Amino acid sequence: MSFTVPAQLEAEIDKLITHYPVKRSASLMVLHSIQENFGWISQEAVEWTAAKLGLQPINIYELVTFYPMFRQEPAGKYQIKVCRTLSCALGGSHQLHKHFCGKLGLDAHAHGLQTTGDGKFSVEFVECLAGCGSAPVMMCNDDFYEGVSHSKADEIVRSCA
Amino acid sequence: MPSECRLILKHADEPGYTPDIECYARHGGYEVLKKALTLPPKNLSDGKTINPPEQIRDDVKLSGLRGRGGAGFSCGLKWSFVDRKSGKPIYLICNADESEPGTFKDRQIIHKDPHQLLEGMIISCFANDVHLAYIYIRGEFPEGARILNRALQEARAKHFLGKNILDSGFDLEIHVHRGAGAYICGEETGLIESLEGKRPYPRIKPPYFPAILGLYMCPTIVNNVETLCAVKHIVAMGASEYARLGTPNNTGTRIVSLSGHVKRPGYYEIEVGRVTIGELINDPAFGGGLRDGRTLKAVIPGGSSAKVFKAGEKFRLKRKVEGKDVEQEVGMLDLPYDFDSLIAAGSMSGSSAIIVMDDSTDIVEALANIAEFYAHESCGQCTPCREGSLWMSKALHRLTHGEGRKSDADYLVKIADNIPGGRTICAFGEACSWPVQSFVAKFREEFVVKGAADEERRAKENKTAEPIAKAELAVSSRH
Chain A
1 MSFTVPAQLE AEIDKLITHY PVKRSASLMV LHSIQENFGW ISQEAVEWTA AKLGLQPINI
61 YELVTFYPMF RQEPAGKYQI KVCRTLSCAL GGSHQLHKHF CGKLGLDAHA HGLQTTGDGK
121 FSVEFVECLA GCGSAPVMMC NDDFYEGVSH SKADEIVRSC A
Chain B
162 MPSECRLILK HADEPGYTPD IECYARHGGY EVLKKALTLP PKNLSDGKTI NPPEQIRDDV
222 KLSGLRGRGG AGFSCGLKWS FVDRKSGKPI YLICNADESE PGTFKDRQII HKDPHQLLEG
282 MIISCFANDV HLAYIYIRGE FPEGARILNR ALQEARAKHF LGKNILDSGF DLEIHVHRGA
342 GAYICGEETG LIESLEGKRP YPRIKPPYFP AILGLYMCPT IVNNVETLCA VKHIVAMGAS
402 EYARLGTPNN TGTRIVSLSG HVKRPGYYEI EVGRVTIGEL INDPAFGGGL RDGRTLKAVI
462 PGGSSAKVFK AGEKFRLKRK VEGKDVEQEV GMLDLPYDFD SLIAAGSMSG SSAIIVMDDS
522 TDIVEALANI AEFYAHESCG QCTPCREGSL WMSKALHRLT HGEGRKSDAD YLVKIADNIP
582 GGRTICAFGE ACSWPVQSFV AKFREEFVVK GAADEERRAK ENKTAEPIAK AELAVSSRH
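Line by line, the protein sequences give chains A and B.
Per the working numbering, the first sequence runs over residues 1 to 161.
Per the working numbering, the second sequence runs over residues 162 to 640.
Please keep in mind that the hints were generated in silico from the structure rather than gathered at the bench.
No experiment lies behind these values; they were computed from the predicted model shown.
You may find that some hints are simply not true.
Claimed, not checked - With a Cα cut of at most 35 Å, we get these calculated DSBU-like pairs of lysine-lysine:
#: 1; chain 1: A; residue 1: 152; chain 2: B; residue 2: 171
#: 2; chain 1: B; residue 1: 319; chain 2: B; residue 2: 171
#: 3; chain 1: B; residue 1: 621; chain 2: A; residue 2: 98
#: 4; chain 1: A; residue 1: 52; chain 2: B; residue 2: 366
#: 5; chain 1: B; residue 1: 475; chain 2: B; residue 2: 485
#: 6; chain 1: B; residue 1: 246; chain 2: A; residue 2: 15
#: 7; chain 1: A; residue 1: 120; chain 2: B; residue 2: 555
#: 8; chain 1: B; residue 1: 359; chain 2: A; residue 2: 120
#: 9; chain 1: A; residue 1: 15; chain 2: B; residue 2: 324
#: 10; chain 1: A; residue 1: 15; chain 2: B; residue 2: 424
#: 11; chain 1: B; residue 1: 555; chain 2: A; residue 2: 77
#: 12; chain 1: A; residue 1: 52; chain 2: B; residue 2: 359
#: 13; chain 1: A; residue 1: 15; chain 2: B; residue 2: 249
#: 14; chain 1: B; residue 1: 359; chain 2: A; residue 2: 15
#: 15; chain 1: A; residue 1: 152; chain 2: B; residue 2: 555
#: 16; chain 1: B; residue 1: 424; chain 2: A; residue 2: 152
Claimed, not checked - Pair ranges (Cβ atoms, derived):
#: 17; chain 1: B; residue 1: 329; chain 2: A; residue 2: 4; range: 45 to 53 Å
#: 18; chain 1: A; residue 1: 72; chain 2: B; residue 2: 324; range: 36 to 44 Å
#: 19; chain 1: A; residue 1: 55; chain 2: B; residue 2: 329; range: 34 to 42 Å
#: 20; chain 1: A; residue 1: 150; chain 2: B; residue 2: 602; range: 31 to 39 Å
Idealized CB from N, CA, C, for every residue including glycine.
Starting from the given sequences, assemble the full structure and let the hints guide the process.
In structure tokens:
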């Protein structure tokens, strides 16, 4: 599989690198850019990033395996992240997670990210999203939703055209 | 009547207040920066002069400002530790990794008033001779990062950033750096490692005190979002005026994140120590009380790592009454919400996040939830924390899934007691142990009863299962 970074993205990445006196510092920002563009971070992307920053692939790979937000495989087009942690749990986030899984035909008890067969939706639990005052909270891709009732959840799913 | 005292969030929720620079300017934005950059040198009676940056540093020390991120350490002292003679550049990092469960105050500032943070940061950088600074924002705030980047662009265009800011001769650039979902990045040395493009493994202290060996082994200041905003107000009001807010040794205002089983969860800015926990939970100006028909069971007073308080708990605290130190009994709800009172009561105000639990809460489930968080977030560097946090989570998982044991309460405490206290590189060891130690100590009965019930049930199941198993064994041994 060949891995080509579009010229515009590479220009953005080159600019990011100038923000730091040491190139390696840009690792996380470059990985964010790549994941935003490709949806996940492949082995080729790891190697490309390492070469770009003058590092060994292991220096990048160890980041992809550590930081929870980086994905080593493609996820759904719409990624639903439900907050699992205490305040949201007290506010019904586990029922919300179950509701999403039920609605989308996913296993609520399986560990980690669950993706629908058509690749349209992924559902996962994440740790505290810092929205505890309006529990339960969730994200759908970059959008943040507060006080999500089950009917609001259905609306969110419907709006993902 | 207790009420909010909005200093940092003064404008944030006003109708029509927007996060752009024009709106900020209309509300007096960047005037304090102008004041800071044009402060005249102060001449002392002994002939010495104090330059403007040093004056600001003195003011921050005098103001009594304590870090709003979690540890509550004096900001002025932190700044005074910075090695200014090393010849190396000094860096400043704004810790916007807000990730202590229960906390959502920095999100409000970033989203609603980003320029206030920038102004506070620029002043702090000027005061500390910093020319390159970063905002380390958690990965889960993509919109926050966009808002900050927009704000930075606007500030550059108005010449509040860049070379020779407002013709003062001071240069500064600030960049946004995004995390990627790891709680440990909130620990300042872990954050520095992460900003260097590595796994966020906290560094051992000594020797790696950020003030001396921080980012790129240079002197580095790491301050919380709210702390940096407070600096702006200290310079605006003057140190003594700022210190008049709050209570002695607990000065200024603080944004409290209130969540859980209250009628009006939300963020409330208060004068530190001028409002009690009970008022925060029950007063109509704040939490508005518990949901109807419910009674209070427990309160986590400072983010999920703070030791839990049980409803009805009483503490013996030293207090000043008419100038004299006397010991007084204080009920949990009557504790003033400040740094020192909560420490005296055996917990902490941490990141000023209060999580309220009413009598509908299964306390074992609640602790299992917290323990799972810490098991997930331990960076894995130190064995006691990596293994201990996971063992505790596993024991609590079985307790909440019908597989508990009567002895689990003791087992949990035994593990928790062996993680903190200098056995780990960073304070995560403490953070994951304190909830377990305090929940089990204060609600022991619930853990024991649950474990005992599971044991009894399994014993019954084994009895009925035994003859079947024997018969099966007999059949299988015949083949």
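Has the given pair, residue 152 of chain A with residue 171 of chain B, been kept, meaning a C-alpha gap of at most 35 Å? holds, 31 Å
Between residue 475 of chain B and residue 485 of chain B, is the straight-line Cα distance small enough, at 35 Å or below? With a Cα-Cα distance of about 22 Å, the restraint between residue 475 of chain B and residue 485 of chain B holds, given a limit of 35 Å.
Residue 329 of chain B and residue 55 of chain A - C-beta distance against the hinted 34 to 42 Å: Check passed, 38 Å falls within 34 to 42 Å.
Can you let me know if the beta-carbon spacing of residue 72 of chain A and residue 324 of chain B is within 36 to 44 Å? holds, 42 Å
35 Å limit on alpha-carbon distance, applied to hinted pair residue 120 of chain A and residue 555 of chain B: holds, 33 Å
Hint consistency between residue 15 of chain A and residue 249 of chain B [alpha-carbon to alpha-carbon, up to 35 Å]: holds, 25 Å
Hint consistency between residue 246 of chain B and residue 15 of chain A [alpha-carbon to alpha-carbon, up to 35 Å]: holds, 32 Å
For the hint 45 to 53 Å, verify it against the beta carbon of residue 329 of chain B and that of residue 4 of chain A. holds, 46 Å
Taken at face value, is the distance from the CA of residue 324 of chain B to the CA of residue 15 of chain A at most 35 Å? holds, 19 Å
Against the 35 Å threshold, does the CA-CA distance of residue 359 of chain B and residue 15 of chain A hold or violate the hint? Answer holds: residue 359 of chain B to residue 15 of chain A is near 20 Å, not above 35 Å.
Just to be careful, I want the Cα atoms of residue 152 of chain A and residue 555 of chain B compared with a cutoff of 35 Å; is the pair within it? holds, 34 Å
Please work out if residue 359 of chain B and residue 120 of chain A have their alpha carbons no farther apart than 35 Å. holds, 33 Å
Checked against the numbered hints above, the structure breaks only hint 10 and satisfies the rest.
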